[in-house]
Amino acid sequence: MLHIAADNLDKFVLRVLIALGTPDDLAVIVKDSLVGANLAGHDSHGVIRLPMYADAIHASVTKRSTGARGEALLPATRAIVIPAQAMLATVIVDCGWGWGPPAAHVACDQVIARAHQYGIGVTAVQHCNHIMRVGQYVEHIANAGLIGIVFCNSGPGVTPFGGTGRVLGTNPIAIGVPRAGSAPPVFLDGSTSTVAEGKLRVALDKGISVPLGWIIDQQGRPTTQPADFYSGGSILPLGGYKGYAFGVMVELIAGMLSGASAAFLPDYAGGNGVVILALRPDAFIPMPTYLANVERACHALKSVPPEHPQGEVLLPGEPEQRSRAERTAHGIPMAEATVQSLITLARSLSVDTTMLNPT
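Going letter by letter, the sequence shown gives residues 141 to 499 in the working numbering.
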């Protein structure tokens, strides 16, 4: 494993994104999303994905040159806001097949403004590429003093409970809750499958196996080899029938309301179907009371005796917060194969690679 300084990775990713045709301001948002995922400990949604996005951009140029429409990755395209008719608390954001994170941040700002005014804000994001780590959006909403919820469907890769073959997306759900003072939000960010696809890619780059129960191969047999997934295998739903049901609900909410459709239907548009909600706590209970109750709940959880003498009970979101501090101070660990793929991409774009020198 190599360790790359976060500041250096920041600069490197920004230069690559700009070289790929991304306007400076959008490149900063995408860079923050990618490197931010690594800092939070979610390498599955970090810079390991950058070569894939570059491939999608190059493929989109070819696709557009033939006059074809539909899913693409158009790095200079900006999201637009489409107010819903006679629905003051709701809005549609059209990503236009540009970068996902800038569109998702536009959507967050829209629901935050509406929640402050009306008590609730809801948006669906259409024609949307991968929005990357969904937890970042509920953290943003919670830092505005609101409860944030995100549903996001994606391309088929998960087998339904009792079946075989790729049918559902990994379909993450994120929920974030504000806390009093400067305390960081409590938040959940997780797929409805046993594992996010990107974690299989990380394992593949590291050359390691994955736990039994994560994936099955093309013949439906349990396997621990991540390569079996990329050879036509499938990810299992989280907790069997429960994760399957959660995944279906994400398809029927995020997929349908965004117009992307469900991943297993023939009219699925590709990319992510996204629905983002923001709730104002003091529409239901005085804000000081709500925050005080959240703090009481957090304190009660942190006071639970640990399973092991040196352990402790962590709040949802605490592992990400600790990872940020650790990796900011000591660098981001990356597999040599991941770094090499970034170097290959950079050289194809004439971008300096010395920033990827390990610390």
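Quick caveat, the hints were computed from the structure, so don't treat them as lab data. Cβ coordinates follow ideal geometry from the N, Cα and C atoms, glycine included. Among the clues, some could well be false.
[Claimed, not checked] Between beta-carbon pairs, the in silico distance windows are:
#, residue 1, residue 2, range
1, Leu-228, Lys-442, 37 to 43 Å
2, Met-227, Thr-484, 18 to 24 Å
3, Ala-367, Leu-441, 36 to 42 Å
4, Met-227, Val-201, 36 to 42 Å
Against the structure, the hints come out as follows:
no. : hint                          : in the structure
1   : Leu-228 x Lys-442: 37 to 43 Å : holds (40 Å)
2   : Met-227 x Thr-484: 18 to 24 Å : violated (48 Å)
3   : Ala-367 x Leu-441: 36 to 42 Å : holds (39 Å)
4   : Met-227 x Val-201: 36 to 42 Å : holds (37 Å)
Hint check: a violation occurs at hint 2 only; the rest are consistent with the structure.
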